[in-house]
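Student: Once you've looked at the hints, dock chains B and C against the given chain A.
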Amino acid sequence: MSEIAHGAGGPIPAAEVPEMELPHPHGWWSTYVFSQDAKVIGIQYSLTAIAIGLVALVLSWLMRLQLGFPGTFSFIDPPAYYQFITMHGMIMVVYLLTALFLGGFGNYLIPLMLGARDMVFPFVNMLSYWIYLLAVLVLVASFFVPGGPTGAGWTLYPPQAILSGTPGRDWGIVLMLVSLCLFIAGFTMGGLNYVVTVLQARTRGMTLMRMPLTVWGIFTATVMALLAFPALFVGAVMMLLDRLIGTSFFMPMLVEFGQQLRHGGGSPILFQHLFWFFGHPEVYIVALPAFGIVSDLISTHARRNIFGYRMMVWAIVIIGALSFVVWAHHMYVSGMNPYFGFFFATTTLIIAIPTAIKVYNWLLTLWRGNIHLTVPMLFALGFIVTFVNGGLTGLFLGNVVVDVPLSDTMFVVAHFHMVMGVAPVMVIFGGIYHWYPKVTGRMLDDTMGKIHFWVTFLGAYAIFFPMHYLGLLGVPRRYHEIGETSFVPASAQDLNAFISVVALVVGAAQLLFLFNLVWSLRYGRESGPNPWRATTLEWQTPQTPPGHGNWGPELPVVHRWAYDYAVPGVAEDFVPQNQPHPAPGHAAQGHAT
Amino acid sequence: MTAALLLIGALAAIAGWWLARHGIAAKPWLETGPAVDLRPDDATAGSAARIGLGVFMAVATALLVLLLSAYSMRRELADWSPPPQPPVLWANTVLLVLASLALHRAVLAARRGDRDATGSWLLAGAGASLLFVLGQLLAWRQLAAAGFVLTSNPADAFFYLITAVHGLHVLGGLVALGRAGARLRRARLDALRLGVELCAAYWHFLLLAWLLLFATLAFSPSLDWLIALCTAPFG
Amino acid sequence: MIVALVLVLVAVGSVAFHLWSPWWWTPIASNWHFIDATITITFWITGVVFTAVVLFMAWCVFRYRARPGHRAAYEPENKRLEIWLTLATAVGVAAMLAPGLVVWHQFVTVPANATEIEVVGQQWRWAYRLPGPDGRLGAVDTRLIGPDNPLGVVPGDAAGQDDVILDGEDLHLPIGRPVKVLLRSIDVLHDFYVPEFRAKMDMIPGSVTYFWFTPTRTGTFDVLCAELCGQGHAIMRGRVVVQTEAEHQAWLGSRGSFAGLAARPR
Numbered sequence: 000m001s002e003i004a005h006g007a008g009g010p011i012p013a014a015e016v017p018e019m020e021l022p023h024p025h026g027w028w029s030t031y032v033f034s035q036d037a038k039v040i041g042i043q044y045s046l047t048a049i050a051i052g053l054v055a056l057v058l059s060w061l062m063r064l065q066l067g068f069p070g071t072f073s074f075i076d077p078p079a080y081y082q083f084i085t086m087h088g089m090i091m092v093v094y095l096l097t098a099l100f101l102g103g104f105g106n107y108l109i110p111l112m113l114g115a116r117d118m119v120f121p122f123v124n125m126l127s128y129w130i131y132l133l134a135v136l137v138l139v140a141s142f143f144v145p146g147g148p149t150g151a152g153w154t155l156y157p158p159q160a161i162l163s164g165t166p167g168r169d170w171g172i173v174l175m176l177v178s179l180c181l182f183i184a185g186f187t188m189g190g191l192n193y194v195v196t197v198l199q200a201r202t203r204g205m206t207l208m209r210m211p212l213t214v215w216g217i218f219t220a221t222v223m224a225l226l227a228f229p230a231l232f233v234g235a236v237m238m239l240l241d242r243l244i245g246t247s248f249f250m251p252m253l254v255e256f257g258q259q260l261r262h263g264g265g266s267p268i269l270f271q272h273l274f275w276f277f278g279h280p281e282v283y284i285v286a287l288p289a290f291g292i293v294s295d296l297i298s299t300h301a302r303r304n305i306f307g308y309r310m311m312v313w314a315i316v317i318i319g320a321l322s323f324v325v326w327a328h329h330m331y332v333s334g335m336n337p338y339f340g341f342f343f344a345t346t347t348l349i350i351a352i353p354t355a356i357k358v359y360n361w362l363l364t365l366w367r368g369n370i371h372l373t374v375p376m377l378f379a380l381g382f383i384v385t386f387v388n389g390g391l392t393g394l395f396l397g398n399v400v401v402d403v404p405l406s407d408t409m410f411v412v413a414h415f416h417m418v419m420g421v422a423p424v425m426v427i428f429g430g431i432y433h434w435y436p437k438v439t440g441r442m443l444d445d446t447m448g449k450i451h452f453w454v455t456f457l458g459a460y461a462i463f464f465p466m467h468y469l470g471l472l473g474v475p476r477r478y479h480e481i482g483e484t485s486f487v488p489a490s491a492q493d494l495n496a497f498i499s500v501v502a503l504v505v506g507a508a509q510l511l512f513l514f515n516l517v518w519s520l521r522y523g524r525e526s527g528p529n530p531w532r533a534t535t536l537e538w539q540t541p542q543t544p545p546g547h548g549n550w551g552p553e554l555p556v557v558h559r560w561a562y563d564y565a566v567p568g569v570a571e572d573f574v575p576q577n578q579p580h581p582a583p584g585h586a587a588q589g590h591a592t
Numbered sequence: 000m001t002a003a004l005l006l007i008g009a010l011a012a013i014a015g016w017w018l019a020r021h022g023i024a025a026k027p028w029l030e031t032g033p034a035v036d037l038r039p040d041d042a043t044a045g046s047a048a049r050i051g052l053g054v055f056m057a058v059a060t061a062l063l064v065l066l067l068s069a070y071s072m073r074r075e076l077a078d079w080s081p082p083p084q085p086p087v088l089w090a091n092t093v094l095l096v097l098a099s100l101a102l103h104r105a106v107l108a109a110r111r112g113d114r115d116a117t118g119s120w121l122l123a124g125a126g127a128s129l130l131f132v133l134g135q136l137l138a139w140r141q142l143a144a145a146g147f148v149l150t151s152n153p154a155d156a157f158f159y160l161i162t163a164v165h166g167l168h169v170l171g172g173l174v175a176l177g178r179a180g181a182r183l184r185r186a187r188l189d190a191l192r193l194g195v196e197l198c199a200a201y202w203h204f205l206l207l208a209w210l211l212l213f214a215t216l217a218f219s220p221s222l223d224w225l226i227a228l229c230t231a232p233f234g
Numbered sequence: 000m001i002v003a004l005v006l007v008l009v010a011v012g013s014v015a016f017h018l019w020s021p022w023w024w025t026p027i028a029s030n031w032h033f034i035d036a037t038i039t040i041t042f043w044i045t046g047v048v049f050t051a052v053v054l055f056m057a058w059c060v061f062r063y064r065a066r067p068g069h070r071a072a073y074e075p076e077n078k079r080l081e082i083w084l085t086l087a088t089a090v091g092v093a094a095m096l097a098p099g100l101v102v103w104h105q106f107v108t109v110p111a112n113a114t115e116i117e118v119v120g121q122q123w124r125w126a127y128r129l130p131g132p133d134g135r136l137g138a139v140d141t142r143l144i145g146p147d148n149p150l151g152v153v154p155g156d157a158a159g160q161d162d163v164i165l166d167g168e169d170l171h172l173p174i175g176r177p178v179k180v181l182l183r184s185i186d187v188l189h190d191f192y193v194p195e196f197r198a199k200m201d202m203i204p205g206s207v208t209y210f211w212f213t214p215t216r217t218g219t220f221d222v223l224c225a226e227l228c229g230q231g232h233a234i235m236r237g238r239v240v241v242q243t244e245a246e247h248q249a250w251l252g253s254r255g256s257f258a259g260l261a262a263r264p265r
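Same order as they appear, the protein sequences are chains A, B and C.
The first sequence begins at 0 in numbering that gives the first Met the number 0 and counts up one residue at a time.
The second sequence begins at 0 in numbering that gives the first Met the number 0 and counts up one residue at a time.
The third sequence begins at 0 in numbering that gives the first Met the number 0 and counts up one residue at a time.
In case anyone wonders, no lab produced these hints; they're calculated from the structure.
Just to be clear, a hint being listed does not mean it is correct.
The following residues of chain C were derived to be distant from chain A, with all beta-carbon distances above 12 Å [claimed, not checked]:
| id | residue |
| --- | --- |
| 1 | 111 |
| 2 | 161 |
| 3 | 195 |
Beta-carbon label-pair distances, calculated as ranges [as the list claims (entries may be wrong)]:
| id | chain 1 | residue 1 | chain 2 | residue 2 | range |
| --- | --- | --- | --- | --- | --- |
| 4 | B | 74 | C | 179 | 22 to 30 Å |
| 5 | C | 11 | A | 503 | 20 to 28 Å |
| 6 | A | 507 | B | 75 | 22 to 30 Å |
| 7 | C | 90 | A | 145 | 42 to 50 Å |
| 8 | A | 136 | C | 108 | 47 to 55 Å |
| 9 | B | 75 | A | 503 | 35 to 43 Å |
| 10 | C | 67 | A | 27 | 28 to 36 Å |
| 11 | C | 16 | B | 219 | 39 to 47 Å |
Covered, in the sense of this in silico footprint (three residues per stretch, anywhere, with C-beta under 8 Å from a C-beta of chain C), are these stretches of chain A [stated by the list, open to error]:
| id | region |
| --- | --- |
| 12 | 385–397 |
| 13 | 462–472 |
Treat the numbers as computed from the prediction; the structure is a model and nothing was measured.
Cβ coordinates follow ideal geometry from the N, Cα and C atoms, glycine included.
Only chain A is shown next, with the shape it has when bound in the complex (with noise of 0.2 Å):
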């Protein structure tokens, strides 16, 4: 029956996983503040972010003033517009999705999915945090310096970040690289944390092959920033030499506004191949994690086992080590020997493949299922609609030829807001109304709910679809204003004003959403324990909110997979995955917890 090795005389016993030591709080302090616990450290990370995300909430909407209405607001000069796409950029791709997924979903996730009471070094978890904070407040703090935060764009490409003619030349890219280098650091404790808790904390039966998506999804994730974060680490220090030692790392020789320069020798490319290096497995970090925590709300709220489990799992790993042999796709235009376009953009494209898969089989757990639409699953229904719209794009860009055009246009801007953008985003939220319960023990309000997902589904998706067409026009990324041109209709500006008007509701839409988030914690539905009579093992625990410990005196033992949902024969329409199988005889008898 069983295709695993199985001893004589039925399964041979697992290994005990030996219990943690766990260091207990003592007192206010060590239990909310400088806790130890993954799941404190989890939302610590997750407020963190979603308020340094506030931040990138309200640049938007500046840029989008100034790009909807150019010329209205003053304030908004053309150095002051590169400051904010550049922090914008920054914050929601490192400081915002990376930390919320892996520090926010992967701390709170890991230890309960897999029965572990917690991390396996909770102290270097804490610590991860904490220089992770500080990274943040050191980004933070590059607004208040003199010349304000670095306009260089989120790609800081050299020369042109640490010369006079971008704006935060003099502290803003300081902070900017100090602090990039301090969340690597954070991260990698974080990260080191993540993949040996997967590895070695998991417990009794929870095989591999047992896990949910999500935890595959944020295991896999992590291992690909550990090995990627490491290229940004090295760009960075090299740059912040370059801008405070005077090496020529990047610096060739330079005529700045007419004064010769004493750099020489330096290569800008070498830098542009090591921000990708780190670049684009980055995106596919952010990805990831997204991708099997939409697979397990797929999963739960249609009821169905997730449609072709391995091929999923094989398909993350796949995809987690494609994107490292992808990075130049970035690079078509940028004056890298022609030749490598051959090899990058078929490398490119092949991992579509595997991504392909993946959607199919969200599809295909979708049909046939028992479709409920909560607003987790209607975020992931969105998350479907903007991944696939987003992704195909990517097919234009990836092959180098097509890439040619349309490159360094809102084009670009419009493909990589919706696969990475908005797509993730709706998995995040999709995430939060989902686990919200099991963090607080009440449900989050649901109409509320039902609004914020429309007014950001069909806003940002109203945002960002047309904008390939200003791309494809020829309107350039990076533009503070598109001024006189002889090609672009003057109705592309009021396209843009549109654009811009949608992006302010949708902005706001958020702020429904942070109102809900506070709300339902004093006034939400109560809960219980699972509200959603999903399968895995968080949703198992004796106590809601889980404990100190997660578990009981003893560990769960897991006896299934993680997908057991309307299984034949079994009346309750879920199985948890700790539930032991039946004795032989009584197979046709389910019974719930």
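Tutor: Just chains B and C now, kept in the frame of chain A:
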């Protein structure tokens, strides 16, 4: 980036092999009961620390290999003029080998349960490592005195940067070594053994890393043939 | 029900927007219509996939919505189906990649008879250098850049004496003759971008990059910078005039050479 790709390839191969051994092809929906756990029986806190160190060393390797990748990418440009390698680097290499050997002896002593010998060997290893770091500083001074400073050209800057990053890893290791040494008397024997083993593993890593870095900096082995092989179909 | 309907509207609306919105690429003015063709192929394939996915999803949401007594089907996997879908995807991907690579091969293969011209970017303006009667561009050195020698042409190089230097003027090109554009920057990254030509490439200080094209339509076209180059990025503008061969020769004759520029009294 050839070196970085080779590293990623190697790690992917290891991951693939490991996943294959851990039932990546299993059909979990057919399994009944708490399945066989394929982890070794001694899934103790010690082995978590071991794996943690392994992961950390993989990250540190990625960092160093990316530095080397950047170095070799820059080296291919026409105006490359590397600084001379101060002879003291050879002496430093010997010191690091000695440190690594000393820590290996410390492990043997710790396994015997001989706390005194463990302490002596740890001290010897730490001393050799400190001398190594001082030797590296001496190499910097010699280079700087000969006019090869950070700002003179990228080749010189790379030498300082790469040796500095490696040196910082040695200093970080010394902190860990100091902590293991400080608990020499009061730690339980298995905890002591674990701590010493982890330090020794890290030192062997530092030695290997240094040999790789030194070989690249001093002899510039080239991977051009590999690039030629890979780009041949497109040429 | 409403959800399914909205999903259908999203799919149909996107297609309608694509077909009827007034925003589309600018008429091409170079030989790179193959690039446009590749984009069109990609639009077709991806458009079909997107519509199919969203409509299928809408149908599932409608058909398999939760109702009392309804229960999902238990089906862990279906290997055949997944293999077929994988193969179909691979075919679709190949159908986009293959033409793309063929056109890219053309893009990186510069015709032997292409005229070399040079575009130099600096914060925040364009300068150009055309070969004189000898058809060759002279050597340059960034160290020589100064008020008298804005592009750093090496005075001792004979090939550079007759080079035509356009600093702050429009670039003029003859129609129908392939051009290899050598790209140079003296400060930060820039990108010589003329939307009508489709082709573009970054310029990197410290090295020379290139692309080639053949102008196929006369007219005056905007030059923009497409790589963030500091706070003046958006105002870094210029113009290219594509004209007939005769007009071009006449214009070229009216320009002074580098040697003339250097000999000019201060």
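Student: It remains to establish, for every hint, whether it holds in the given structure.
Tutor: The hints, checked one at a time:
Every beta carbon of chain A lies more than 12 Å from that of residue 111 (chain C), the smallest distance being close to 17 Å; the non-interface claim holds. At roughly 24 Å from the closest C-beta of chain A, the C-beta of residue 161 (chain C) stays outside 12 Å, upholding its exclusion from the interface. Annotated as non-interface, residue 195 (chain C) brings its C-beta within 12 Å of a C-beta of chain A; the closest such distance is 7 Å. Taking the beta carbon of each, residue 74 (chain B) and residue 179 (chain C) are about 29 Å apart, inside 22 to 30 Å as hinted.
Evaluation of the 20 to 28 Å hint for residue 11 (chain C) and residue 503 (chain A) yields a pass: the beta carbon distance comes to about 27 Å. Hint check: residue 507 (chain A) to residue 75 (chain B), Cβ distance near 53 Å, so the stated range 22 to 30 Å is violated. Range check, residue 90 (chain C) to residue 145 (chain A): about 58 Å between beta-carbon atoms, so the 42 to 50 Å window is missed. Separated by about 52 Å at the C-beta atoms, residue 136 (chain A) and residue 108 (chain C) satisfy the suggested range of 47 to 55 Å.
Between residue 75 (chain B) and residue 503 (chain A) the beta carbon distance is about 50 Å. The supplied range of 35 to 43 Å is therefore violated. The hint said 28 to 36 Å for the Cβ distance between residue 67 (chain C) and residue 27 (chain A), and at roughly 48 Å that hint is violated. Checked against the hint of 39 to 47 Å, the pair residue 16 (chain C) and residue 219 (chain B) fails, with Cβ atoms roughly 56 Å apart. For a cut-off of 8 Å, the count of residues in the region 385–397 of chain A with a CB near a CB of chain C stands at 6, and the three-residue condition holds.
Coverage of the region 462–472 of chain A by chain C holds. Counting CB-CB distances below 8 Å, 6 residues qualify, and the rule asks for three or more.
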